[in-house]
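K.L.:
Take a look at the letters that make up each chain.
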Amino acid sequence: QQPVQSPQAVILREGEDAVINCSSSKALYSVHWYRQKHGEAPVFLMILLKGGEQKGHEKISASFNEKKQQSSLYLTASQLSYSGTYFCGTVPSGGSYIPTFGRGTSLIVHP
Amino acid sequence: DAGVIQSPRHEVTEMGQEVTLRCKPISGHNSLFWYRQTMMRGLELLIYFNNNVPIDDSGMPEDRFSAKMPNASFSTLKIQPSEPRDSAVYFCASSLAAISGDTQYFGPGTRLTVL
Numbered sequence: 001q002q003p004v005q006s007p008q009a010v011i012l013r014e015g016e017d018a019v020i021n022c023s024s025s026k027a028l029y030s031v032h033w034y035r036q037k038h039g040e041a042p043v044f045l046m047i048l049l050k051g052g053e054q055k056g057h058e059k060i061s062a063s064f065n066e067k068k069q070q071s072s073l074y075l076t077a078s079q080l081s082y083s084g085t086y087f088c089g090t091v092p093s094g095g096s097y098i099p100t101f102g103r104g105t106s107l108i109v110h111p
Numbered sequence: 001d002a003g004v005i006q007s008p009r010h011e012v013t014e015m016g017q018e019v020t021l022r023c024k025p026i027s028g029h030n031s032l033f034w035y036r037q038t039m040m041r042g043l044e045l046l047i048y049f050n051n052n053v054p055i056d057d058s059g060m061p062e063d064r065f066s067a068k069m070p071n072a073s074f075s076t077l078k079i080q081p082s083e084p085r086d087s088a089v090y091f092c093a094s095s096l097a098a099i100s101g102d103t104q105y106f107g108p109g110t111r112l113t114v115l
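Residue numbers (this note's numbering), protein chains in the order written: chain A, 1 to 111; chain B, 1 to 115.
Here chain B stands alone, though its shape is the one from the complex:
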């Protein structure tokens, strides 16, 4: 099993640009999570999906952030326009079923730097 796949691994962009982060969950997993990790705030849940449907997006910082899951094998997290304070490592994780508190398997993360 390839595990959770994220791309790109590193992204450097300028303030105001659109950024799209991509995630492929583990095959057969029904839940997908997007996290942001910073030194100041630790690991924060941004949004999670169950069976491709967004269940809780209360962690999304503001309207500049949006996430989609068009099918069971792909999800995107978009930031438009990006700001320097968005610089962080963004992790995608998947689990068999969020509702039962199953183990989450994390991807390698995307390190985003906004200049």
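For reference, chain A alone in the conformation it holds in the complex:
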């Protein structure tokens, strides 16, 4: 079942922060985050495994709340290069380990 991402779209000015949420109706083993720029392929950002782990990648970090079956992606002091569509992919516990992707969140960063 497809995870639900919110918000659907975010418009920011350079330097502002944003949070993208991903929630699932199933117990999760892991959450994957990808970013896709317009006309390009999705590119991997990070994987979070169950255990409440938080990871970071430059000024982009994420958390995973296993009990709530949710993950959040945090973009701090956003840069123009952060613009794109962010997808979460959820892997259910006891499943096939293949992520199911959400509909995506469009992030636009203005100068």
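FYI, nobody ran anything at the bench for these hints, they're computed from the structure.
Predicted model only: the values in this text are computed from it and were never measured.
The beta-carbon is built from N, C-alpha and C at its ideal position, and this holds for glycine as well.
Careful: at least some of the hints might be erroneous.
Unchecked claim - Facing chain A, a subset of chain B residues (Cβ under 8 Å, in silico): (1) Gly-42; (2) Leu-43; (3) Asp-56; (4) Met-60; (5) Phe-74; (6) Phe-91; (7) Gln-104; (8) Gly-107; (9) Pro-108; (10) Gly-109.
What the hints assert, rightly or not - Facing chain B, from chain A, some residues (calculated, C-beta under 8 Å): (11) Pro-42; (12) Phe-44; (13) Ile-47; (14) Tyr-74; (15) Ser-83; (16) Phe-87; (17) Ile-98; (18) Arg-103; (19) Gly-104.
Claimed, not checked - Pairwise CB distance ranges, derived in the manner of DEER restraints: (20) B/Asp-57 / A/Glu-16: 35 to 45 Å; (21) A/Ala-27 / B/Ala-97: 17 to 27 Å; (22) B/Met-40 / A/Gly-39: 36 to 46 Å; (23) A/Glu-14 / B/Ser-87: 19 to 29 Å; (24) A/Gln-79 / B/His-10: 25 to 35 Å; (25) B/Asp-63 / A/Arg-13: 47 to 57 Å; (26) A/Ser-96 / B/Arg-41: 15 to 25 Å; (27) A/Glu-40 / B/Asp-63: 28 to 38 Å; (28) B/Gly-28 / A/Ser-96: 17 to 27 Å.
Once you have looked at the hints, place chain B on chain A.
P.N.:
Then chain B, alone, in the frame of chain A:
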């Protein structure tokens, strides 16, 4: 490393024609995935292979779609006959091992337009 290679990058065809999309995964990767992306449905998994064997094809829309992986370095996705609703971007991705939820590396995609 050249990454995942897909061809063609763009395909325009007429309804009823056969379409074949091609993919070369990253060398050494054991799993290969075919996805379809549309505005309405987002990124959908069509089928994935592990060690050249199809593991889950439950995402294949209907019998008009078929996929093969004759060896570790090549896979095809065929649509016969094609219909306008098949218009989408088709991505191929590969990973070291799907069973451990490894990172997927996506190819540049094939933009298919069926008239």
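K.L.:
Just pull the numbers of the violated hints for me, sorted ascending.
P.N.:
Hints 4, 5, 14, 15, 22, 23 not satisfied by this model.
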